[in-house]
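Work out the full structure: start from the sequences and follow the hints.
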Amino acid sequence: MSNKIETIDAHLYYGDFHALKGITLGIKENAVTALIGPSGCGKTSYLRLFNRMNDLIPYTQISGQVLLDGQNIYQIKPAEIDSLRRNVGMVFQNPNPFPKSIFENVAYGLRVNGIKDKSLIEAQVEKTLQQAALWDEVKDKLNQSAFELSGGQQQRLCIARALAIEPTILLMDEPASALDPISTGKIEDLIFELKNQFTIVIVTHNMQQAGRVSDYTGFFYLGQLIEYGKTRKIFTNPTKQETENYITGRFG
Amino acid sequence: MTHLDTELKILKADLIEMWQLVVNQLEKGMKALTNFDRDLAEEVMENEKRVNSFELKVDKDCENIFALFQPVASDLRLVLVALKIGNNLERIGDIAASVADFVLEADTDFNKAILEHTKILEMYAVANEMIADALEAFDQEDTRLARTIFKRDKILDDIDNKALDRVLECIQNYPDQARNSLLVMSMMRKLERVGDQSKNLAEEIIFYFEAKVLKHKKKKKKEGDE
Chain A
2 MSNKIETIDA
12 HLYYGDFHAL
22 KGITLGIKEN
32 AVTALIGPSG
42 CGKTSYLRLF
52 NRMNDLIPYT
62 QISGQVLLDG
72 QNIYQIKPAE
82 IDSLRRNVGM
92 VFQNPNPFPK
102 SIFENVAYGL
112 RVNGIKDKSL
122 IEAQVEKTLQ
132 QAALWDEVKD
142 KLNQSAFELS
152 GGQQQRLCIA
162 RALAIEPTIL
172 LMDEPASALD
182 PISTGKIEDL
192 IFELKNQFTI
202 VIVTHNMQQA
212 GRVSDYTGFF
222 YLGQLIEYGK
232 TRKIFTNPTK
242 QETENYITGR
252 FG
Chain B
65 MTHLDTELKI
75 LKADLIEMWQ
85 LVVNQLEKGM
95 KALTNFDRDL
105 AEEVMENEKR
115 VNSFELKVDK
125 DCENIFALFQ
135 PVASDLRLVL
145 VALKIGNNLE
155 RIGDIAASVA
165 DFVLEADTDF
175 NKAILEHTKI
185 LEMYAVANEM
195 IADALEAFDQ
205 EDTRLARTIF
215 KRDKILDDID
225 NKALDRVLEC
235 IQNYPDQARN
245 SLLVMSMMRK
255 LERVGDQSKN
265 LAEEIIFYFE
275 AKVLKHKKKK
285 KKEGDE
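Line by line, the protein sequences give chains A and B.
FYI, this note's numbering numbers position 142 of the first sequence as 143, with every residue one higher than the one before it.
FYI, this note's numbering numbers position 171 of the second sequence as 235, with every residue one higher than the one before it.
Just so you know, the hints here were simulated from the structure itself, not pulled from any lab data.
There may be inaccurate statements among the hints.
Stated by the list, open to error - Result set (DSBU-like, lysine-lysine): computed pairs, CA atoms no more than 35 angstroms apart in a straight line:
| # | chain 1 | residue 1 | chain 2 | residue 2 |
| --- | --- | --- | --- | --- |
| 1 | A | LYS231 | B | LYS76 |
| 2 | A | LYS231 | B | LYS113 |
| 3 | B | LYS124 | A | LYS234 |
| 4 | A | LYS241 | B | LYS76 |
| 5 | B | LYS121 | B | LYS276 |
| 6 | A | LYS78 | A | LYS241 |
| 7 | B | LYS121 | A | LYS29 |
| 8 | A | LYS234 | B | LYS148 |
What the hints assert, rightly or not - To list a few chain B residues with every Cβ distance to chain A over 10 angstroms, as calculated:
| # | residue |
| --- | --- |
| 9 | LYS121 |
| 10 | ALA131 |
| 11 | LEU142 |
| 12 | ASN151 |
| 13 | ALA170 |
| 14 | SER250 |
Unchecked claim - Reference listing, derived: stretches of chain A covered by chain B, where coverage requires no fewer than 3 residues with Cβ under 8 angstroms from a Cβ of chain B:
| # | stretch |
| --- | --- |
| 15 | 187-195 |
| 16 | 210-223 |
| 17 | 231-244 |
Beta carbons: idealized from backbone N, C-alpha and C, even for Gly.
Below is the structure:
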């Protein structure tokens, strides 16, 4: 399995704070990689390198290489950043649908990208809602406000919205931490389904969730990548004592 | 199907495949004894490695499921039961290999009269049937069939209790088969253990499907507990 994303000695500073201390890691294509670690360990900062979200934070400095399909995304032209973000979808902790109808939430990205063909948009909305395992629940109320959906449905809608513009990578930052166990289960099953088509990177505080959904796991601590490997190995016999202590709940 | 369902399905499939292999091992061992087929006996010895690797695979599957999915209720029972069944099957596999080894130790064909008089073939057939029925009970979720296994263990015990006397009679009647008679005695001791292992399998099957613990319960309670 080849690497979709690769970072080589990636450092990130917020002002004087050294948030990522030389991370070298390959993210496998069409697999789920979970990033775990205690709060402030750098896992979300690392995730946000991949779509240059950290650029939006003032006084941020980045060094090292972040390669996406072999191209350093920190050396692309400013005009190409939009296309990078089209290719790298993102889902956040709290469902954040737009104050629009269910249909329009998913169609939004397509319209912004200049697609006007109504039947094409309709087809894409249906396909994406199906991919996000939401179609059956919303097909009869596509014109209702997205806010009428439950939290779990809203989050799947946000996933559909991210998938509509056909990214190849999906970044998920704590996608189920605001949801009840049933909705969480649905999101996890969805992640398991989607990995055949997308490269997924998920940040989670919930170690059991990392175990359930991911193929590979990286454990971050104090801005460093302590251990990375197959999730089965990390959760049954980690190499580093720090990883063992964290996953067994003995610190962090 | 959830991710956990997929993993449990794989675990079940591995267990059933291991079970079929063990049933096959016992059947081949019986044929090797009946036909004094040394090649077949050697095949059984060789296949024992496959049984062992299956046990390791089932152990690893279970370890991963515990670590990654924290199963509960019937999912948890399946994983607990799979660990124990894997272990029992491995022991039955060892017994099949031991019997094959005894066949190889014989220097002449086993006299048919000895096999008949000691009732080893009857014992073998009952043991095979118990393991095969336990497999069917597990596969078909048939706890009624699983309960019939407890009764059949008595047949093995009865034959085994008379084994010593019958073997002695064989030695007196066929002195040239004294060595083979003793080998038959050793095989019967091993086969009696298959009955105990089958009972363990039946207990695990009932625990999995009904969440009832039958271990250390009286025999009547086990057979009739609906």
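Hint-by-hint comparison with the structure:
1. A:LYS231 - B:LYS76: Holds, at roughly 23 angstroms.
2. A:LYS231 - B:LYS113: Roughly 28 angstroms separates the two Cα atoms, so the pair holds.
3. B:LYS124 - A:LYS234: 11 angstroms, holds
4. A:LYS241 - B:LYS76: 32 angstroms, holds
5. B:LYS121 - B:LYS276: Roughly 27 angstroms separates the two Cα atoms, so the pair holds.
6. A:LYS78 - A:LYS241: 40 angstroms, violated
7. B:LYS121 - A:LYS29: 26 angstroms, holds
8. A:LYS234 - B:LYS148: 23 angstroms, holds
9. LYS121: 13 angstroms, holds
10. ALA131: 4 angstroms, violated
11. LEU142: 17 angstroms, holds
12. ASN151: For ASN151 of chain B, whose nearest Cβ neighbour in chain A is about 19 angstroms away, the distance exceeds 10 angstroms, so it holds.
13. ALA170: 45 angstroms, holds
14. SER250: Correct as stated: the minimum Cβ-Cβ distance to chain A is 40 angstroms, above 10 angstroms.
15. 187-195: holds (count 3)
16. 210-223: holds (count 3)
17. 231-244: It holds, with 4 qualifying residues against the three required.
Of the numbered hints given earlier, the model fails hints 6, 10; all others are met.
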